[in-house]
Amino acid sequence: MEALRVEDLSINFGGVKAVNNVSFSVEVGKRLAIIGPNGAGKTTLFNLINGQLSPTAGRILFFDQDVTDLPTHRRAHLGQARAFQLISLLQNLTVLENTLLTLHGTKPHRFKMFRQIRDFKEVFGQAVDELKKVGLWEKRDELVQNLSYGEQRRLEIYLGLCMQPKLLLLDEPSAGSTKEECTDIIGIIKNLESDITVLIVDHDMDMVFGLAERIIVLHYGEIIADGTPEEVQTDQRVREIYMGVEECIDYASDR
Amino acid sequence: MEQFVINMLNGLSYGMVLFLIASGMSIVMGAMNITNLAHGVLYMVGAYVGWTTAVKYGAPFVIGLVAGGLGAGIVGLVIERGFLRHLYKKPNEQVLLTFGFVYILTNLCLWVWGGWPRMPFTAKVLAGSIEIMGKTYPKARLATIIIGFVLAIILWWLQDRTRIGAMVRAGMDNKEMTMGLGINLERVFASVFFVASCIAGVAGVLGAQLLGVYNALGLEILLLALIVIIVGGVGSIQGALLGGLLIGVIDAFGKALFPRLAMFTMYFTMIVVLLLRPSGLLGRKA
Amino acid sequence: MGAIDQEALARPRQEKWISVVAYGIAVIVVGILPAFLSSYIQGVITRFLIFALFSVGYNVVFGYLGLPSLGHAAYFGAGGYVIAVLKMHYDIDLFWVGAPLGILMATFIAAMFGILALRVSGIYFLLVTFALGQLLYSVAWNVKWLNTPGMQGIAGLSLPSFGTGGWTLDPISFYYLVLVITVICIYLIRKIANSPFGHALIGIREGEGRMRTLGYNTWLYKYFAFVISVIFSGVAGVLFGYYNYVISPTHLGVGTSFLPMCMCIIGGTGTLLGPVIGAALIIFVELFASIMTPERWPLTLGGLFVLTIMFAREGVGVYLAKLWNKMSHPYGSIKS
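Quick note, the sequences are listed as chains A, B and C, same order. Counting in this note's numbering, the first sequence runs from 18 upward without gaps. Counting in this note's numbering, the second sequence runs from -19 upward without gaps. Counting in this note's numbering, the third sequence runs from 2 upward without gaps.
These are calculated hints, taken from the structure and not from any lab test. Mixed in with the good hints, there may be bad ones.
[As the list claims (entries may be wrong)] Per the computed footprint, the stretches of chain C lying under chain B, defined by three or more beta-carbons under 8 angstroms from a beta-carbon of chain B, are:
| # | segment |
| --- | --- |
| 1 | 117 to 129 |
| 2 | 258 to 266 |
| 3 | 303 to 310 |
[To be verified] Just a few of them, taken from the derived set where beta-carbon distance is under 8 angstroms, the chain A residues facing chain C:
| # | residue |
| --- | --- |
| 4 | H90 |
| 5 | H94 |
| 6 | E114 |
| 7 | L117 |
| 8 | L118 |
| 9 | T119 |
| 10 | H121 |
| 11 | G122 |
| 12 | T123 |
| 13 | K129 |
| 14 | M130 |
| 15 | I134 |
C-beta atoms are modelled at their ideal positions from N, C-alpha and C, and glycine is treated no differently.
Throw the hints in and build the complete structure from the sequences for me.
Here you go:
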């Protein structure tokens, strides 16, 4: 079954085609990475899939449902979760608050006005469980901005999973992380249940080649390669663009 | 037909004043992210200073224009250097501070110039009228159009063709990058604020030819400037010019065609623009 | 739910102790003392309460949602104008008619203006709300029906009647009416602040994009928050109409819109009771300034704003807010 299907997707920014005629589909439970040089349109593609932007042309199907014109919050209810970069944690709120906001977001009572948030014992209990699982229960009253980078990433990925997503969109999970933290994140993603589909955009080749079963390479908004890591690694055009994938891997591991 | 031309000229002259007052505020808002609610009061200060110079002491009109511009510019510079400088990136505090200055400057003007309902201010050079298509038309309004047009071209040139304009535009797009290039942003900001205040002052002297000078002017003009900015879009001379002329012309025709609804034509325009293009006719998408 | 969770839900005892003392003092000051003061001072405290209610409601949009509105006086004044029009044209001063109609009118206008204003965000929201507020101002200024002949605005209002024969409201009973309504409203706002809805508003202030990906329809939250905030402006406006005897276009204009914003900033934006402190400060400074130097009081008020922003931004306002955060439940955090 297809989790996500993108058909002839294009978007123009004042004449510049940031994403141009992109089509692909992902089976349920696959881990797909999207790579490409800076400005290739990776994040724009993510924004289209998650609904921050609407395309100038093309369609997006999520579990066979056309979501092209749905706003972001509706896609969240259908089972899309997104983490990192633009959509990072709320820095000025505490760990517990971030957790509660995440848990309430897809619940029908999120509009309730006259019941105290702490009276939703079930949600609160769930938050307690989640925070203990992440190992941040002791830091529940810390502002997120006071957590270490690694802790923030861990919390963010777990909060994404709290939403019980069908599709997890990870926007550069490795950015700013140390090598150990990257390994940590790779471990978490590898242990995910097999019915969660994962899309990753990243520069870090360890992350990409460590996780992805399939890689799509974007260049100037177009797909120039699509296949298994081995196929992409040996693709002539990809090599031209990256001036040798090996070099790129070296660069990634240097960081 | 004659009536149409007269209405058009009325609209254009009023629109030029609106353009001048809105342009400075719009640029300050777009480039520096500063909401200066005291901008309308600077206009009033300019008008009063110009009035004192040109009417009370009988100096030539041009001297009045320069004095009004400089007077408002200096007050503006004091506000920026003394106070607003500490409040970059704090929009709510800027609003409170600049509105405090609205109270202070309005009351000071009342103290110095008294609460006369409306002091007429027509410079000697601009007194009288000339004949257009068989009808007489006041010289002052024509002069306003011409001076406004010249200033619009100068401002346009400043924005698009000079180094400081490029810096301002770069600052708008990416503050960190501009800082990284080693440009002294503080100095750029101070100069922009000074120039914007000067234009407000000049607009005050010009506008006084049409509207006179009185103490409630500061807030009234502020409101008009905001409507022009909403209609035209924030952050560019072109936006302020289009918005100003549009509002001016619509207001003039509104007054001529539906005198009873005259006050609402500009609000109506604003609401239509908000519904169709929330970021203004020439504004960038937020 | 284990024992630890129950523990997590319980509030520290010490905090309760401070609240009890603080609320006790408050009850004495606003609840009992005014009965023994001159009617002039009663009037001033009534005015303070009305503006405290106005600001606490305004804070839902300003502090909580983080959107600077500069047009709330329009809704405040609309409430007052309904009272005034009922009195002038229909000779109705019944509270049960005036109050619901006034609040409804304010809410109705906000429901329309909200759609326009929420098309933009940030500081542009301020511009648009300001311009929309001035629209009502110019309506009130220009429409003959909304003005007592020979003046701007409507005069000759009175305290409300309750339809009870032989008993009319005197200033002190009206004071207690205002007190009760204000306390109820602040209690409701506190409820909202601590609800899932209220927390979502804070989340939107801190990062609207993230809230959308979490499944929140942020536009709807903003719209509801705006309308809710205006309902309280309407209540305050109705009370103000009865209190002030005169309602004029000024009460719809930017000068009045500006007051709750100042009160919030000076007292502590985004805290429940900060705006109340701000209201107390501003109303009393306004009072003293207008007694000492009637012609120069705008100068004093403006000077106060400038001084607060320059020197007490991290001082008095935040200090008081912190103090109050300890005593009452803050908007921005769930303490466990």
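Are any of the numbered hints broken by this structure? If so, which, sorted upward? none
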